[in-house]
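Visitor: Chain residues, written in single-letter form:
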Amino acid sequence: MAPSRTSTPTQWSADFDTSRRERLFRNPPRDHTAYPALVDATQPHIQSFNALLGNGQLLAAAIRDIGTKSFLHQRPEANAAAAQDGEGLEPAQGNRLSLRIREVFVEKATIPPANKYSTKNREIYPAECRERHATYRGKLRIRLEYRVNAGQWQESVRDMGQIPIMLKTNRCHLENCTPAQLVQQKEESEEFGGYFIVNGIEKLIRMLIVSRRNFPMAIVRGSFVDRGGTYTKYGMQIRSVRPDQTSQTNVLHYLADGNITFRFSWRKNEYLVPVMMILKALVETNDREIFEGIVGNLGSQGVENTFMADRVELLLRTYKSYNLLGKARTRAYLGEKFRPVLGVPDDMKNEDVGTEFLRKVVLVHLGNVDVSQSQDIDKFKLLLFMIRKLYSLAAGDCAVDNPDAVSNQEVLLPGFLYGMLIKEKFEDWLRSVQGACEDWIRTSGATFTDPGFLRDFTSKILRRTNENIGSLVEYFLSTGNLVSSTGLDLQQTSGYTVVAEKINFYRFISHFRMVHRGSFFAQLKTTTVRKLLPESWGFLCPVHTPDGSPCGLLNHLAHKCKVTTRDLDVSPIPRLLAGLGVSDLSSASTDEKVVVQLDGRIMGFCAPEQAHTIADTLRYWKVQGSHDVPVELEIGYIQNSKGGQYPGIYLFSQAARMIRPVKYLPLDAEDSVGPFEQPYMSIACTDNEIESGESTHVEYDPTNILSIVANQTPFSDFNQSPRNMYQCQMGKQAMGTPGTSLRYRTDNKAYLLQTGQTPIVRPPLYNEYGLDNFPNGVNAVVAVISYTGYDMDDAMIINKSAHERGFGHGTIYKTKIVRLNEDRSKRSAHAVTKLFGFAANSHVPAHVRAKLDADGLPYIGSQINEGDILASCYTVTWEPTKHGFINRDGQNELHKYKDPETAFIEEVRVLGSETGNEPCQAISIKLRVPRAPVIGDKFSSRHGQKGVCSQKWPAVDMPFSESGIVPDIIINPHAFPSRMTIGMFVESLAGKSGALHGLAQDASPWRFDEDHTAGHYFGEQLRAAGYNYHGNEPMYSGITGGEFAADIYLGVVFYQRLRHMVNDKFQVRTTGPVTQLTGQPIKGRARGGGIRVGEMERDMIIPGLGCVRVAGAF
Amino acid sequence: MAPARVSQTELDARKIVGVNAETVTNVSSTDIPGHYPGEDHEWDLEDFRNTFKVKFHKHQPFDCAFSLIGIDASIANAFRRILIAEIPTLAIEYVFVHNNTSIVQDEVLSHRLGLIPLTGNPAGLRWLQQYRKPTDEDPVGSGVQDVNTVVMKLKVECTKADNYDELNKKREDDPRLLYKHAHVYAKDLEFVVSGRQDTFFSGEANQIKPVHPDILLAKMRPGQCIDMEMHCIKGIGADHAKFSPVATASYRLLPTISITKPILGNEAKKFARCFPKGVIGLEEVSRSEAKQKGSGYEGHEGEKKAVVKNTFKDTVSRECLRHPEFEGKVKLGRVRDHFIFMVESTGQYQSDELFLESVSILKEKCASMKRGLAEYTR
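Residue numbers (my numbering), protein chains in the order written: chain A, 825 to 1938; chain B, 31 to 408.
Think of the hints as simulated: they come from the structure by calculation, not from any bench.
Here a beta-carbon is modelled for each residue, glycine too, at the ideal position from N, C-alpha and C.
One or more hints might be untrue.
[As the list claims (entries may be wrong)] PhoX-like cross-link-like pairs, simulated, lysine-lysine; straight-line CA separation at most 25 Å:
(1) B:Lys395 - A:Lys1624
(2) A:Lys1776 - B:Lys239
(3) A:Lys1658 - A:Lys1706
(4) A:Lys1624 - B:Lys199
(5) A:Lys1386 - A:Lys1487
[Unchecked claim] Which stretches of chain B does chain A cover? Using the computed rule of at least three CB atoms under 8 Å from a CB of chain A, they are:
(6) 73-81
(7) 252-258
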């Protein structure tokens, strides 16, 4: 049976498809993956990383924004003279060194050139890094240009260390690998990347919620009042994003007297500037222009708004006191004030410093490199609009924009953050060159113009700087701590990265879909940020959030939600808008004119009635694909309302927005909808709910609002909602199948369920996401009966025979690393002090010889217990005369296995160094711990019904049914009334009939209603099989042999074995270690300590038991 | 006091367990089953001989069904329990792994081996004695001897097929053709004769071998091999499920259906559909029935009426109780002392043998109980 030449189908049915899966598994496709949905899941991660060097060229944009750095060297006396001068400095008084980065290169992972041993294949693949506990990284290089004074630009390509590379991106060897090739490279056939490998650990950068870019948000915040005497709670905040995805937040503050100040943060410090000063510095303007720009032209309705007119007048009057006339003088004034913090060369003119200030700080999304005059006009216009909106907010004419609603948020993508970090490290490095130059001048006594300088610059001066940016980036990934001089306009300094734990596949995949609100909000006492708001519909899953402290802060994307990773081509939009009647004429009265913005740029204004037409037309065009309007354009049309959100048309086309597909009814085609526009649209939930003349869109499927994991809960619409949340957590803790390439992984701890099954009851999405490749539990025959007394309080009984046949059997794989060079500080080939094996002529006891081979490493497959020997090594010194290592003391050092559990040696890996010139200094031993279920292990159904195994009950004592079926699991009926997990009953029915008829039952929520009930649908199936319609069965007691007086609910439910096992938790001691000071038992399970019986526990024992003797013991 | 006279209808009613829509009534009629105050129900062998009946419904070597009529649930249940848990059978217990480079872990492969049902000369299997494991009190146990341990071997190595290159060129992807021993089956187990075992287990037909030769044990690829030695011992199902001689051994009570009021016409058809085929039959109302006053059949001559044909086939789904039109017209129940046994053997012994074995074990237990009592009262 030769593999077919046709393309691998990607459509999946809701059936078991066993043979198709088997074929796919045996012969991984040679064209493309069979599970495109899985690939889509990590796209935000991969595409955002690709944007750094691929199409988006974010790093190129970043070095453009950094620009040229110049350092001045001058004699001290010249410096003093210049200080007196005040207005700028003469350039002739010093020598200038200019530096700029022209290009950034990142290479794929390869063996370093120092390694002369491997000649054939020098590529390093991710699997090797996992196994070797190394970092998957590629060389980062830059083309640095420098010149002295106005001389020729010199060029040097600098090696900036190695930066970790995200898997399956355009700098990864696996980028376009087919499943067949992936398997060749020891990966999962469905490997989807999106994470980094740092020291063998899989790490990913979490997606983070930040406020929506380039949209002036009306904010009311009590803490604004604390900024000063006249400050009020009103503010207008805009997160302005540069093309390289770094951002600068600008805030306008409304003062009690009607004045407005402009606030920004620069290098973690806050500064306040009168807004008028910014306005006047941006363009050559006059008071009338500003007045009309805010209030409206004479004759417009805006003039009648006396609240605003009065305040603008005051704004203009109070500014008079600065007595700064004209753009140039204003810029010079700003430049003088901000010169110390901007890091500009000393000889720059104040006016140029002011320009630099505007470039770097003010509304940077409208121009951050070589700002043109028209860009300054754009900034000016947007600032005027912000002032107008702020007054409107203060007057109570418009509502605040909720910063906690998804409509005003976007996602900080991992790749973008990575780029921001690299950019900052570049900038820091460029700054650090100055210090190195000064050191050189101090020691050599020469100046920049000396010929020796250029000679020494690359070889000596740059060497003195820390060029290893790669290690800084690696530090960020391995710790998640952001070490930053600017703070990157972010609210937290730690917690950016998490380990992509592969406990099971659900857990692994949900890491890539998770969005965190920011650790700043975790400490907040108010719960407003944690609320589930209606705006989240379809973007963030309402179910999939943990309970406890991160509840509502750690969300997961709905499974159909995508995040844009590139800016759209919106060049035709201005022309189209002009054609639709958008003009420059504005007014403070929104009844007259409303704004039209594109990515935070004012495109013009139009009448409110016109706005409706414009929005509708644009939407029609974009879905149709005509007029070059991209379908992913977000058209936020906010209608006029009394006291509602500030009206206008806000178009968004840039990256980092959440979008999702819905059907556009007029064209019956797919539309992309963003969270900003969604609250103002009428999207029917189902086809039946479409109201003609009202609905414009309809959902493709209501299940689109749930995340991947939440979608796997069968019949979740029958359950009480918190139960579904619990299941989302427990599904991720189940012992399942972490992957199929377990042989090439060295996880610290990996859990494997031996006999996983496909659930009989599952949604069609189960197949689409290929979850059968990673089974997560088993179908169990479950009887709901209070039978033995051992099933109280969520305990459950397992059939002993089922257990003996392998029910829920699991294995834990642990990896232990034995390193000989423990300190790992600066080592070279000759720093080797130990080697594996036995010293020559040393005495090796028989018990050691039995466990270890001649190389000092353990035998594969051998059993080891606590205290057994894992490896042996001996000390050596380098003997140049013999050109080898020799041992002098004849002693062997033995490494012991310290865990209390019996394990088997599964694999031993000998880890070499990357350069290949060192003897083996580390081994990695994978141990296998079999974990059959024991009393005290935790199990759960998929409905938040967890329980602990309390007995393994003999099969003869278990109840049996009419047909001789003995349940695998018995649970107590009391688990249901208060928890109301009706979904579990329905699953039981569906599972039973599915097992009887051989059906894969569709368990999607919202497939049944009052007229077509699930109970009837599955009841009829059961009836057809000769079973009771309600799922009950008469049963006989296995102990007495008599029939029960009640019928028992018996069905098939999918059970997960959770990773919490007593063997990892039990804590018992008689005597043992005690603390030196008090002689009391020490704390901690790992150290053999005891559990404290505290005062309250004591209180309980004494009167409760009335034990005089026990009391005496206290 | 003379024993009270009880009418036959009362006696019959006592035998019925009532099955209602949601409840089961009259599960065990008295505190001491089978005994009623003021009545004499002393067990009598002659009575038992006369009333007890065994009826076979299905008699295949490894699958049989039969009824035991006229015994108490406790006795029937005792047979069931013994069948599952107390008849000793032979299964692999100790696995000595010399080499295992397949991807199946040692302990998992050993577990799979243990669950393989074995068969061989029945006389020989009976001749084998139970192996006593060494314990703390008895560090030697019975020792490994030919009478208590059967040795088996599994030695397979996966290699490329002779015509591998040719197949590979044809892009053949079935590993069973490409490689030798790509799949390890139960038939690869080899029996090793030791000691006196040759008197029983010599020859193809008599040797110890798996019941089903095609049980898949492991999958391998070239370069992997399995080399194991196994010791099979006799054990009981109570110790481990692999020693249980039956796949299921279970019983149910004979259902009864009594139509108390006539069910006619379309209702009768619907009523019949509430049961598995063959339980309810449709008959025409005869003239004499139609004439009978108060029977409910007046004026319905020639119409179809539902009659109970064969309650043995009923699954007691109680579907008929769900429909309001049958309310009060039908009464479901079961016969308390009619046990329909289903014994499905895993293959080491035949089903009927197993039942007889269970009887003899119960007998032995009784004898030992009796001995114990005698000793206790002495």
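Visitor: Determine for every hint whether it applies to the structure shown.
Guide: So, going through the hints one by one against the coordinates:
1. With a CA separation close to 24 Å, the supplied pair B:Lys395 and A:Lys1624 stays within the 25 Å bound.
2. Only pairs whose Cα atoms come within 25 Å are accepted, and A:Lys1776 paired with B:Lys239 is rejected, the gap being roughly 31 Å.
3. For the suggested pair A:Lys1658 and A:Lys1706, the alpha carbons sit about 17 Å apart, so the restraint of at most 25 Å is met.
4. Among the hinted pairs, A:Lys1624 with B:Lys199 is inconsistent with the structure: their alpha-carbon atoms are about 50 Å apart, more than 25 Å.
5. Restraint check for A:Lys1386 and A:Lys1487: satisfied, since their Cα atoms lie roughly 16 Å apart, inside the 25 Å limit.
6. Figure legend: the region 73-81 of chain B, annotated as covered by chain A; annotation inconsistent (0 residues with Cβ-Cβ distances under 8 Å, at least 3 required).
7. Remark: the region 252-258 of chain B is not confirmed as covered by chain A, as 0 of its residues place a Cβ nearer than 8 Å to a Cβ of that chain, below the required three.
In terms of the numbered hints stated before, the structure departs from hints 2, 4, 6 and 7, listed from lowest to highest.
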